[in-house]
Structure formats: C-alpha cells, structure tokens
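A.B. asks: Residues per chain, in single letters:
Protein chains: 2
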Amino acid sequence: MIEDKNQQRTPLSELGEFALIEHLTKQFEIKQVSTVKGIGDDAAVLNFENKKIVVTTDLLVENVHFDLSYMPLKHLGYKAIMVNLSDVYAMNATATQVTVSIAVSNRFPLEALEDLYSGIQTAAKIYNVDLIGGDTTSSTTGLLISVTAIGEVESDNEVYRSGAKPNDLLVVSGDLGAAYMGLQVLEREKEVYKVNPNSQPDLESYSYIIERQLKPEARKDIIKLLKDLDVKPTSMIDVSDGLSSEILHLCKQSNVGCDVYEEKIPLDPQVIATCEEFNIDSTTVALNGGEDYELLFSISQEDFPKIKANPNFTIIGYMADKNSGMHLVTRAGSKIPLKAQGWKNFSS
Amino acid sequence: MIEDKNQQRTPLSELGEFALIEHLTKQFEIKQVSTVKGIGDDAAVLNFENKKIVVTTDLLVENVHFDLSYMPLKHLGYKAIMVNLSDVYAMNATATQVTVSIAVSNRFPLEALEDLYSGIQTAAKIYNVDLIGGDTTSSTTGLLISVTAIGEVESDNEVYRSGAKPNDLLVVSGDLGAAYMGLQVLEREKEVYKVNPNSQPDLESYSYIIERQLKPEARKDIIKLLKDLDVKPTSMIDVSDGLSSEILHLCKQSNVGCDVYEEKIPLDPQVIATCEEFNIDSTTVALNGGEDYELLFSISQEDFPKIKANPNFTIIGYMADKNSGMHLVTRAGSKIPLKAQGWKNFSS
Numbered sequence: 012m013i014e015d016k017n018q019q020r021t022p023l024s025e026l027g028e029f030a031l032i033e034h035l036t037k038q039f040e041i042k043q044v045s046t047v048k049g050i051g052d053d054a055a056v057l058n059f060e061n062k063k064i065v066v067t068t069d070l071l072v073e074n075v076h077f078d079l080s081y082m083p084l085k086h087l088g089y090k091a092i093m094v095n096l097s098d099v100y101a102m103n104a105t106a107t108q109v110t111v112s113i114a115v116s117n118r119f120p121l122e123a124l125e126d127l128y129s130g131i132q133t134a135a136k137i138y139n140v141d142l143i144g145g146d147t148t149s150s151t152t153g154l155l156i157s158v159t160a161i162g163e164v165e166s167d168n169e170v171y172r173s174g175a176k177p178n179d180l181l182v183v184s185g186d187l188g189a190a191y192m193g194l195q196v197l198e199r200e201k202e203v204y205k206v207n208p209n210s211q212p213d214l215e216s217y218s219y220i221i222e223r224q225l226k227p228e229a230r231k232d233i234i235k236l237l238k239d240l241d242v243k244p245t246s247m248i249d250v251s252d253g254l255s256s257e258i259l260h261l262c263k264q265s266n267v268g269c270d271v272y273e274e275k276i277p278l279d280p281q282v283i284a285t286c287e288e289f290n291i292d293s294t295t296v297a298l299n300g301g302e303d304y305e306l307l308f309s310i311s312q313e314d315f316p317k318i319k320a321n322p323n324f325t326i327i328g329y330m331a332d333k334n335s336g337m338h339l340v341t342r343a344g345s346k347i348p349l350k351a352q353g354w355k356n357f358s359s
Numbered sequence: 012m013i014e015d016k017n018q019q020r021t022p023l024s025e026l027g028e029f030a031l032i033e034h035l036t037k038q039f040e041i042k043q044v045s046t047v048k049g050i051g052d053d054a055a056v057l058n059f060e061n062k063k064i065v066v067t068t069d070l071l072v073e074n075v076h077f078d079l080s081y082m083p084l085k086h087l088g089y090k091a092i093m094v095n096l097s098d099v100y101a102m103n104a105t106a107t108q109v110t111v112s113i114a115v116s117n118r119f120p121l122e123a124l125e126d127l128y129s130g131i132q133t134a135a136k137i138y139n140v141d142l143i144g145g146d147t148t149s150s151t152t153g154l155l156i157s158v159t160a161i162g163e164v165e166s167d168n169e170v171y172r173s174g175a176k177p178n179d180l181l182v183v184s185g186d187l188g189a190a191y192m193g194l195q196v197l198e199r200e201k202e203v204y205k206v207n208p209n210s211q212p213d214l215e216s217y218s219y220i221i222e223r224q225l226k227p228e229a230r231k232d233i234i235k236l237l238k239d240l241d242v243k244p245t246s247m248i249d250v251s252d253g254l255s256s257e258i259l260h261l262c263k264q265s266n267v268g269c270d271v272y273e274e275k276i277p278l279d280p281q282v283i284a285t286c287e288e289f290n291i292d293s294t295t296v297a298l299n300g301g302e303d304y305e306l307l308f309s310i311s312q313e314d315f316p317k318i319k320a321n322p323n324f325t326i327i328g329y330m331a332d333k334n335s336g337m338h339l340v341t342r343a344g345s346k347i348p349l350k351a352q353g354w355k356n357f358s359s
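From first to last, the protein sequence lines are chains A and B. Residue numbering for the first sequence follows my numbering, starting at 12 and increasing by one per position. Residue numbering for the second sequence follows my numbering, starting at 12 and increasing by one per position.
Looking at chain A on its own, in the form it has when it is part of the complex (with noise of 0.2 Å):
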C-alpha cells in the first residue's frame, strides 16, 4: 500500500555494527544541558543537579504492535519515540533523552534504517530530546524497537496514578478513540489493495483519524498548560490501552471510585461519522481503542476555575468513594459498571 520509492538498497551486511549505529546517528545534536556525553562511550553521562529523573521503557514489535504494510518506517520511528515521552508527561515531567535500541533483519536495507532514524530525529528535534544510547542488532525475523525515555521534573512536582482523592475532577485533554478508527481503515485498504494493487484509496475524508494512528503526538503542551495555569494534577495517566483501562488503574492505585459520563467523552467529528460508516458504537471506541496517547488526570475541584472552558481539557466526571465503585453514566442515564477490554480483546 505504501509505495517504496526508495530504489537504492544497501545490505546491513556491508557495514559493521559500530559503523550502522554512527551512520544512523551522526546527525543527531545533544541541546539538553543535562546531557553530560551522549552516544560514544560505555554509558551515556547525565547531570540533572537536584531534580528528580523519570524513566520509562517500551517495546514495539512488528506485526504485534506495527504493520509496515501501512505504516511508514519514518512515521514508526516517530511514535515510537511518542508512545515513551507519553509516560514521561504522565509523570508531569519534561522529557529529556531517549535511547534507542533495534533488532532487524536483513531484509531491511540501509535505506530503511535512515528512514526510521529520521522519523526518530525529527521526533527528538521537535520534542526536544537527546538520542544518548542504544544497540543495534540482527534479528532473524522482522524488526524491533526498544525505547527507554528519561525525563526530569522539579522535586515534588511529580504526579503518580495514586493521588487522586474522592470529588476531584476527572479530565481528559483532546479527543478519544481516533487512532482505533484510523487503524480500522488501514485495515480495510489493505484488504482492498490485497484484492485489488491498483486501486487509489481515497483517504481524504480519514485524515484526521489516519494520522492520529500514524503520527501521534505526545502531549508535552498539556504539561506546560497545566504548569502555566498552575494546576498539579492530584493523579495522571496516559489514554494508551484505551479510556476505560486507565481511569481503573488510577481508581485502584488511588483508591477511589468514579462516576464518568458517557455525554461529556470527547470524540472528533471524523471518529463519529467512522464509527457510523464501520456500524461501531462510538463510546465502546472511546473507552477500548487505546493508542490516543492523550493525557488523563484528576483534579481539585478548587482548581476548577483554572481549567473551566479551555478547550484543550474536557471534564468527564468525578471521582467517588471506593465503595460506590467505578460507573460509566449512560445518554439515558443508567449506570453501568467501567471495565477495561483493552485493545486486544476489543469486539464492537
């Protein structure tokens, strides 16, 4: 579906280990101060002097959490490096340096690496994060890509899933479920260009939702609103295995219930009318799909009027006694039970 138009394949073979990881990395510029010494030596130095650092590690694997046949390798190499400086935001943290490490096998060439290296440069440059480390090596099937993301923040300015307390608002920044219904369409193109190559999909009116899938972006702007507008979160998380999912992990490790409301979801026109084309429930996305890479958090409801009609946040709910449990209120009003499906087990 995605065209290679690069025609110059140059085997992995003929360059060394040390000399691919040089070559895929020699444009790579350190602008974080507390990079002491980046790529180079046995480890990578940091000085973050008195704040406190955060470090988070994710694994992507193809055709468990990528597919190449629609997923370009730039764009891959930019979420990847998304999917961590996400849970280094979620900490109320600024993200800082990333190592990268990857296992590929030979049928990539050269020119496949450069590309996902330039997704993952491109992703460093605007993010403002340095490339300090990481490991290259074969695979014998497929590629892999391991990221560990680092992060700083002010000491006691971190937030934990753990904080939040019993009437705190809960609020979700942008919108959900686009990046599952970008998925169901790539998904549908790829049957249809299996049965039929030439066939020039028109993916217009799925911009939106596809790039949400392709090109997430991480939320860094939500940390500095919410530094701006001096709000601490009293608990965050991030929207990656879908809405339903987190707000239990904070619920559990807080120790809190939640009422959350079906109406007050926010959900892009284009996800609506999707979920209408594909006969999906639109809600069920929201709470299941996942990879949104939004931020959720509860707040104070003192700190109400700090957020209130700003369009980046929307208010889904509140946080209740533990015993009143977890409930998603329904349009019509009832109450059910939330519960996480996650994205692998998801059914419409």
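Heads up, some of the hints might be wrong.
Pairs count within a copy or across copies, as identical chains cannot be separated in the list.
Derived DSS-like pairs: lysine-lysine, alpha-carbon spacing no greater than 25 Å straight-line [claimed, not checked]:
hint, residue 1, residue 2
1, 176, 319
2, 48, 238
3, 37, 319
4, 319, 85
5, 136, 42
6, 201, 235
7, 263, 48
8, 176, 317
9, 333, 48
10, 37, 263
11, 48, 205
12, 62, 346
13, 42, 62
14, 263, 350
These are computed hints drawn from the structure, not numbers from a lab.
Place chain B on chain A using the hints.
C.D. replies: Below, chain B without anything else, positioned relative to chain A:
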C-alpha cells in the same frame, strides 16, 4: 542438552500483560535510596541528588546472542543484567537500577519466564540494583531481552574512553578468552548431543570456562577496589567484544598509540589447555574472543605503586604517542599491528 525438569507449563495467554509483569516482578525488592518509585506507574521516579547518572542499554536476541539449547534461562537472565552492569562499571560508576523488557513467543510457558526472572532477581540482589520498569510483549519468534541499566557517580569521578595519555600503563582485570573457549566447548557438546542424545558429557575440566560463558560476573569489585586504592583510571572500557577491539577504542578515542605485550596477557590454565585441545592460538582467543566482561583501563605511571603486585590486575602494556601506532609485541619480540577482528569474524 539442558533438560527441562519443570513439567508445569502454564500458557502465557492465561495471564494478561499487566498480570504477567506483576507476577514476574512481585518478589523484587527496592533497596536503592535513589529509587523513589519503581514499577507500577507510567514511569519510575529516581532521585540522585547531586550525583551524575550513567545510562546504558543492550539488546540480546535468541540465536544471535544466545542459544537456549545450552543456556539455561536462569543464567540468561543473570547474564543479561551483567552485560549491562559491566558498561556502568566501565564508567567508574555504581549500578543502581535496571529496566528489563522482553518480547517472547508463545512457545515459552510462564515457568520459563519465571526462570528467566529468577536469574534477573539473583543478579539484582547480588549487585544491589533495583528493577524499576520494563515491558512485556509477544513476539512472532523467539525471545528478546532489552535491558537498560542506570548508575550513579560522584561528580567528576566518571571515566571516559578518551582520557588516556602517552606513557600511561594499560591494565586489565581478571583473565581473558575463557568465555569464548567455554562457548567452543558448549558448541561441540551440542553437536555431540545431536548425534547421540544419550551421551553424558563430562564437563568437569571445563568448569571455569563454561561458567565464564554462561554466568559471567560484571566487575563491581574492581570499581570498589580502585576507589579503595585511590586510583582513578585515565580511561576505561569493558571487554565485551575482545581485548583487541577495546584497546583500539581507548587508543582512538584518547588519540594515543600503544604497545601491548603478548606475554603479559592474562590467561587461565583452563583456557591454555582447551586452546591446545582445540588447536587454537590462545593469544588470538584473548585478543578476539570477547564476552570477558573484564575492565580494561589506563592509569598514570605515578599510580603504578598502588596497583603493582595486586593479583586482580595485570599490566599488559602502555600507551604511546599516536604516531607510533597500536601494536602487539609478540613473545618473539616482533611488533605486529593490533587489529579488531571482534567476535563475529573470528577464525583461528
């Protein structure tokens, strides 16, 4: 060759991803004061106060870096940690935390991963590092382990590859070539086993070299010893790809030459005996074998009295002016240029 005596086989599909991580890591304790929050949130939170931190990462891939037909999973878990800690120590730092991510195919039952994590736990306990995060995912084939290790170092105590000066002494800890010869023995026994699965190999006389291959130790003790002796190396690297390759790294990054004396290269008697048995030159094995995880470093001549006659160290040569080149001085007294053959291109 290694018989699986564990008859219980719980399919991984019985546990979800969260349950799997929780199950595998629940017995891990947090001991470092710098670990503010370990596993269980979007990211770990660390506080190093005024120390610098070092970060390193390595990827181990089945049938590229290890062969499960003779590598027990428990040892593999241990070795995956050692490989990374060795890089931390090579910065003259103390290892404090690790993250471990694994991609695993369905052919592994839960009990296999428990074995792997029990090796990781043993390593974490002995080397006093906290497991603070990771990711667990399925893979289409085989097992892949991605470890990121973090360490701390007092400001200005870190040692790079780049600080060696002409006339500095070149020193190595322990002995070399054993892990490589251990691998040769294991590979031979694997072939014998293929022909006759009932053969009972007598590996008694290879115990040291096999242990060096299957259960290497990172030289935490050497970092402590150097501190106790008040010696700060001018440059340092760990020996993972072979002595020759590592010497060239130090020389190139320090902009110096060197003379290394063949007769000084430390070899265990078992290495010498096994090399004779396999008809391989032991110097070639020491120079190019790799996986020794010893520390190679340069010290100023004035520190010579502090390390002389210490059985942990062997002075194998000295740094020279860049223009004089990098040479091995053979037992016969001739000078031959040092080359990095590394592990992969090794041939006797």
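A.B. asks: Give the relationship of residue 263 and residue 48 under a CA distance limit of 25 Å: within one copy only, between copies only, both, or neither.
C.D. replies: between (40 Å within a copy, 17 Å between copies)
A.B. asks: Is it within, between, both or neither when you check residue 37 against residue 319 at 25 Å Cα-Cα?
C.D. replies: Result: close neither inside a copy nor across copies, 46 Å intra and 41 Å inter.
A.B. asks: Reference check for the pair residue 176 and residue 317, CA-CA at most 25 Å: within, between, both, or neither?
C.D. replies: within (18 Å within a copy, 59 Å between copies)
A.B. asks: From the Cα coordinates, with 25 Å as the cut-off, is the pair residue 201 and residue 235 best called within, between, both, or neither?
C.D. replies: neither (38 Å within a copy, 58 Å between copies)
A.B. asks: Have a look at residue 48 and residue 205 and pick one of within, between, both or neither, based on CA distance no larger than 25 Å.
C.D. replies: Answer is neither; intra-copy 48 Å and inter-copy 48 Å both fail.
A.B. asks: First find the shortest C-alpha distance between residue 176 and residue 319 inside one copy, then the shortest across copies, and answer within, between, both or neither for a cut-off of 25 Å.
C.D. replies: Classified as within; 19 Å inside a copy, 63 Å across copies.
A.B. asks: Using 25 Å as the alpha carbon limit, work out where residue 37 and residue 263 are close: within a copy, between copies, both or neither.
C.D. replies: Close across copies (17 Å), not inside one copy (45 Å); limit 25 Å.
A.B. asks: Pop the pair residue 319 and residue 85 into one bin, within, between, both or neither, using alpha-carbon distances up to 25 Å.
C.D. replies: neither (37 Å within a copy, 54 Å between copies)
A.B. asks: Is it within, between, both or neither when you check residue 263 against residue 350 at 25 Å Cα-Cα?
C.D. replies: Result: close within a single copy only, 12 Å intra versus 58 Å inter.
A.B. asks: Measure nothing new, just compare the shortest in-copy and cross-copy C-alpha distances for residue 42 and residue 62 to 25 Å and report within, between, both or neither.
C.D. replies: Both. Shortest intra-copy (18 Å) and inter-copy (20 Å) distances satisfy the 25 Å Cα cut-off.
A.B. asks: When Cα atoms must be at most 25 Å apart, do residue 136 and residue 42 count as within-copy, between-copy, both, or neither?
C.D. replies: For residue 136 and residue 42, only the intra-copy Cα distance (9 Å) is at most 25 Å; the inter-copy one is 36 Å.
A.B. asks: If the cutoff is 25 Å on CA atoms, where do residue 333 and residue 48 land: within, between, both or neither? Let me know, please.
C.D. replies: between (47 Å within a copy, 24 Å between copies)
Hint check: violations occur at hints 3, 4, 6, 11, 12; the rest are consistent with the structure.
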